[in-house]
Amino acid sequence: MIKKRKNILQYLVDFFSSYLLCVVSLVLLGLLVWFSTLEMQDIGLSKALDKYYSHKNFIVIPEINGGKSTYIPLPGAYWVCCVLFVNMLLGGIIRLRKGWRNIGVVISHFGIVSLLVVGFVDHHQSIHGKMEVFQGETYDYATKFDYTSIELSEFDESGVKQRPYVIKHDQVADLGDRMRRFTFKALPFDLEVRHFRENVVVVNASSRARGNDSGEIVDGFFLHPAKMDPSKDYFNYGCYVLVKPKNGEPSRKLLLCRSVGFPQTFSVGGKLYGIEMPNEIWKMPFSVDLINSVGEYYPGTRRPSKFQSTIAWTGEDEEREKVQTIKMNHPMRYKGFTLYQANWNEPINGLEFSGFEIVTNPADQWPKVCMWISAIGLLVHFSLKLGKYLERETRKEKGNKQADE
Amino acid sequence: MNKKVRFLGFSLTMLIILAVAGMGIRSLIVPSKPKEVNGYTKWDERVVEEMRSLPVQDGGRIKPFQTLARRYMYSMHGDRGMKVIVDGEKEKLTPTEWLMDVMFRPEMADQLPTFRVDNSDILEQVGMGVKTLRDRYSFSQIKPYLGKLQNAYEAIHKQIKDSGEKSLDKEQEQMYAFARLLQSYHSLKNPFLIDDEVKKASGFYSLESFFVSNNRDNQIARVKQAGSDTLQVIGVLDGKIVSDAIFLSGISDLGEFSKLIINPTEGEEAWSSIGSRFAKVARPTLEAYDIYADKIGALKKKYGKLSGENGDGFFADYLPVFQAYTSPLKDVQYSESLMNEVIELEKLQMAFSSGDAGKQLDTLGAFKKKYENHVDFGDEGGSISGEILLNKMSYFNNGIALLIFAGVLLIAMCLSIGTRVGGILYWCVFGLTSLACLFTIAGIVHRSWIMDRSPIGTLYDTMPFIVGAGLFLLLLIEWIRKKGIMLGVAICFGVAVLFLAKSFEISDARDQMDPLVAVLKSNYWLSTHVVIITLGYMGGIVAACISHFYIIGRAFGVVDDKETRQYLTKIVYGMVAFTLLFSLVGTILGGIWAADSWGRFWGWDPKENGALLIVIWMLVILHARVGGYIKEIGTHVCSIFGFMVIVFSWWHVNFLGVGLHNYGFTSAKAMTNIWVFYGMEFFIMIIGMAMALVVIEQKRAKKNTSKLSEVENTNL
Amino acid sequence: MKFRSLRTKFIWLSCYSAILVCCKEQPKEMEVDERRELCQYDDPNIFKNSYETILGTQPLSWRRVNRTDFRLLNYAVGNATEVAVGQVDGGGVLANLNRWEREFGQDVMEDLSGLATIKMFGERDAYVIQLKGLFQKKMSGMPVKAEGWAVTGIICDIGNGSLVTVKMMGPEDEVKAEQESLMDFAKSIRINSLQRVKERSKKVDGVNQSKKGGY
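Chains as they are written, first to last, in our numbering: chain P, 1 to 405; chain U, 1 to 716; chain W, 1 to 215.
These aren't lab readings, by the way, just hints derived from the structure by calculation. Heads up, a few of these hints could be off.
[To be verified] Not the full set, but computed from the structure, chain U residues with beta-carbon under 10 angstroms of chain P: (1) Y371; (2) L475; (3) W479; (4) I480; (5) G484; (6) L580.
Cβ atoms here follow ideal geometry from the backbone N, Cα and C, with glycine treated the same way.
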């Protein structure tokens with residue numbers, strides 16, 4: 001029999017639907033998950049996620065045991081999942097022989113493929129933020145986790161702040177010691193950002209306790225890189241900024257740091273500007289007032305037994321405010337935003353306080369459906385197999401009994 | 001080779017594996033020889049019995065005194081009982097007896113070998129002579145070095161404050177933990193009696209006398225008694241203030257045992273201990289005294305030694321100081337209930353210190369009766385008698401004993417296969433294993449009933465659950481096809497995991513039934529996600545146990561017929577499928593729970609990653625098998641690797657120090673054991689892979705031979 | 001074309017593309033046009049940090065710098081001037097004002113009469129002192145000396161033995177130019193909660209012989 005030669009498309013389809021690719025992808029994914037789990041101890045959760053699971057990273061070289069490289073280049077987990085998705089779609093659903101025998105497998109594969117889709121949507125579309133609310137004040141914004149930003153705003157003659165320009169995290173995070181210039185069409189100056197650090201302490205220049213590796217001193221302070229505690233996963237971002245007026249006025253050096261919390265001001269051409277480095281601000285379509293924040297500890301311990309907050313919130317389309325209680329496992333939902341009770345503290349300085357996590361994710365509720373599909377598929381498939389096995393065993397035993405007789 | 005000899009070799013190997021595992025687990029506990037204690041007298045059994053069931057509020061729930069005593073004993077002594085030699089005879093002290101000694105006969109307790117020290121180098125650092133690296137010491141042995149230990153503790157405490165806990169090396173961590181245990185021990189002693197030194201310095205011989213003297217009328221009467229002599233009046237007033245302060249400082253921290261009285265008040269003071277309530281009331285007095293002492297010191301400096309000449313001038317300056325001290329204290333009143341409760345505790349202490357068993361029994365009985373209405377379990381569930389019964393039944397220990405007995409009978413059964421005796425022994429083993437399974441399940445149900453929550457809430461809870469479910473499943477499989485192999489698997493599996501549970505309970509030294517943190521307080525999710533994931537762990541562990549039997553059995557030629565091999569492989573395949581189903585569903589349920597609680601379905605937390613790794617590996621096994629990349633031996637080798645993945649997810653991730661399930665700082669001993677386990681499993685995998693290579697070679701040789709004979713025949 | 005060589009070419013092409021993507025160079029210049037809507041974050045009077053105990057309406061020409069030991073709010077003004085807001089327990093208004101006097105080599109005051117006052121926290125009187133000359137002090141363990149400097153200091157007793165201090169220090173001309181801003185700022189200061197009472201953590205440590213009194 002003459003073997004039919006495959007064309008490139010057929011070859012690709014065979015390759016992408018093969019068992020070998022499935023097994024190799026799963027093994028690679030397993031290795032990536034394992035290495036990322038071990039590396040989290042050293043670099044923290046968010047950095048590990050960025051390194052292994054970001055769609056921007058095609059190749060990952062794991063480092064373990066305190067930063068020692070393994071010299072094993074692995075493909076990024078996002079891309080491995082893409083390959084798995086294609087493999088399951090082609091091999092596990094499209095090309096799989098349909099019939100009562102395989103119906104369970106097809107269903108479960110469909111469930112897993114859907115789960116991967118959920119994962120992709122979550123990765124690209126979901127946004128997480130934190131809103132810390134004090135009693136007595138109204139809040140209509142959250143800050144995004146682990147995403148710094150540089151905000152530049154103008155103040156008008158009466159000192160009112162104008163809408164700020166935002167330089168996002170991705171635009172500065174790769175800088176290190178390098179410099180990047182940011183230009184603004186409508187403003188009379190450019191900004192040069194340099195020495196961006198993920199975690200710094202702001203040191204008084206008169207203190208001799210620490211060396212100054214950047215050589216810069218601004219307003220009597222400089223930034224000293226600090227080792228991050230991986231278990232706390234908190235980044236105190238910092239950088240230096242040089243304001244370069246286009247009109248020939250002298251440049252102005254400023255020090256930005258997340259912990260400072262207020263704009264550094266300067267004037268160019270007689271106008272006043274402010275620049276600061278908050279975590280990226282995320283305006284909400286609703287405002288929140290904390291009515292009360294209640295927490296209970298187990299008797300005689302500092303272990304929280306329950307905590308909840310009662311808030312009055314007003315949506316941007318609503319006329320009247322609504323009162324709602326948010327507690328663990330019972331979030332508030334509004335227009336695609338979900339507000340979770342993330343943490344609770346005892347009253348600080350006599351004022352009640354609550355921390356909420358805000359999430360927007362279009363694929364929020366899909367995992368439940370995917371789980372049911374996969375579970376039903378697996379159950380059907382393995383039940384059929386078990387039934388066949390038991391039937392075979394019964395037949396064998398009957399046969400043995402008859403043979404004995 | 002004779003089959004029986006091969007079987008003995010196989011059994012020996014399995015026992016060696018279990019022994020290595022057992023030694024690793026046992027290394028978490030310090031063995032030591034019983035110490036001689038002179039003049040020790042045991043408590044009256046009736047008194048101990050009555051004390052066991054005394055309700056105590058601790059860790060957020062109400063529990064019997066016995067449970068609390070166990071917790072303290074685990075943390076300090078590292079074992080469930082204390083072996084001592086009294087007058088040449090070995091005695092075993094229960095946790096209740098030991099704690100009663102600490103509380104009411106501290107001079108006796110100081111002789112007992114209470115403190116387990118894993119690294120005696122820390123004692124050598126303070127100048128104490130030691131014999132072995134790991135041993136137990138009494139408080140009286142350590143007492144001469146307390147000052148140096150205190151200094152070391154303070155230095156480490158400062159380092160923690162300045163540079164964090166992670167800056168400590170292993171020895172510093174151990175020193176710090178040991179010093180804290182000593183402080184805890186000290187606070188347990190004579191909890192309701194005032195220190196002799198404080199009594200002497202203050203002049204108050206009891207709490208009752210203090211309350212009587214604090215009565216305002218008594219104070220005024222005392223001043224009047226002093227007459228009009230200025231110096232005398234100053235002496236009386238100042239003396240009273242100083243005595244009060246000394247006395248209050250001695251009792252404002254009434255020790256951990258003020259928990260014995262449960263305060264049923266509502267509001268802020270609900271469930272607060274006597275000590276904390278007393279301290280709250282006493283605080284203004286102590287703070288005022290602080291300021292008073294500063295000012296008196298300044299006056300002393302100004303006037304020098306008091307005499308008839310400068311007395312009046314001093315008094316004129318002293319009076320406003322005195323008034324400034326007393327005026328904020330006008331409202332300081334010790335409530336009647338607080339006073340009565342404190343006095344009741346004192347009575348209890350004195351009765352127990354008297355040595356009269358009858359008096360102890362009567363006082364304790366009256367105390368329990370008086371406060372029985374204060375016992376309110378609230379939302380957390382609980383039952384004192386139920387918990388006493390649970391402790392008495394010792395379900396899991398009895399389960400181990402039954403399984404070990406079944407194991408001995410199993411070996412005897414295997415040596416008499418095919419005989420009538422072998423048949424009887426088979427059913428004995430089956431019965432004993434079933435009984436062990438029932439005991440385990442009963443223990444799980446009983447605990448769950450007391451806690452009023454789903455059976456699994458902590459790491460400890462997973463272990464008996466895995467054993468109960470695993471034994472049930474293996475017995476079911478054995479029932480379908482009575483080959484006896486599953487009984488052997490069940491026994492090894494049950495003994496190993498229950499023993500692990502017992503050792504973990506002691507080394508963790510926590511009450512495993514304490515209520516859960518707010519985020520875990522959901523019976524729905526605990527009953528679904530946690531139970532399903534744990535069943536997934538169970539499936540993988542059972543599969544791996546069977547694979548151990550297969551590989552070692554095949555290496556010794558015990559598992560040599562094709563039918564048995566196929567049977568075992570099919571069971572393992574089935575268990576892998578079971579693991580996949582439960583791990584996948586459990587993992588996704590966990591994600592859904594996380595999404596409902598924190599808004600993110602998947603956060604790549606180490607525990608989540610661990611669960612995902614199990615799912616991935618099971619998928620690898622199934623797909624590799626379907627694709628023909630692995631066959632019989634390969635399935636078993638992969639199943640053993642799956643066991644390592646499960647241990648990584650179940651245990652290893654808890655010690656990584658990051659994520660939601662981390663234990664704070666690593667337990668070095670536990671990590672060592674985990675790595676030893678990985679090494680052992682790798683060794684068995686290598687045996688399996690070597691076996692697979694041999695089989696492949698044999699098949700290839702057979703194929704070549706048959707091809708050759710084909711060619712030869714054709715040529716012919 | 002042979003099938004095998006086609007597969008090989010495909011694999012090489014994929015690897016090359018991957019390397020190209022990984023080694024993509026990052027831009028040296030970027031234009032920024034994204035702007036955000038204003039929200040409560042931009043209200044200068046809102047407490048953003050849960051642990052901030054004190055806040056004031058910052059004059060726009062001031063630059064806020066990192067808080068340091070004893071300085072809850074810290075600002076840089078002009079070229080060399082700094083403003084520090086602190087909270088002190090104990091000592092009293094007079095003692096603290098005299099401390100500043102000594103830094104400028106001035107004679108200590110006997111009482112507060114003759115000092116200017118402003119209102120802080122609504123109704124409370126805050127004392128204002130203005131000094132100039134040669135400044136000498138040990139800061140961070142190092143001696144500091146500056147000629148031609150001035151300081152404007154404001155102290156307010158907020159009760160329970162607690163004082164809030166506002167101190168502007170720097171070259172004379174800069175300090176003079178910022179007087180009005182300083183007074184406006186001081187008047188705008190508010191504390192997160194005035195009911196907060198700093199607890200004294202001293203305990204009577206067992207039998208403390210030195211505090212026995214002894215009469």
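Evaluated hints:
With a least beta-carbon distance of about 15 angstroms to chain P, the hint placing Y371 (chain U) at the interface is violated under the 10 angstroms criterion. Using the Cβ-Cβ criterion of 10 angstroms, the hint placing L475 (chain U) at the interface with chain P is not satisfied: the shortest such distance is roughly 17 angstroms. The closest approach between the C-beta of W479 (chain U) and any C-beta of chain P is roughly 12 angstroms, which is over the 10 angstroms cut-off, so the hint fails. Taking 10 angstroms as the C-beta cut-off, the interface hint given for I480 (chain U) holds, the closest approach to chain P being about 7 angstroms.
Taken as an interface hint, G484 (chain U) does not check out: its beta carbon lies about 16 angstroms from the nearest beta carbon of chain P, beyond 10 angstroms. The beta carbon of L580 (chain U) is positioned within 10 angstroms of a beta carbon in chain P (closest approach about 7 angstroms), and the interface hint is therefore held.
The structure does not agree with the numbered hints 1, 2, 3 and 5 stated previously, though it agrees with the rest.
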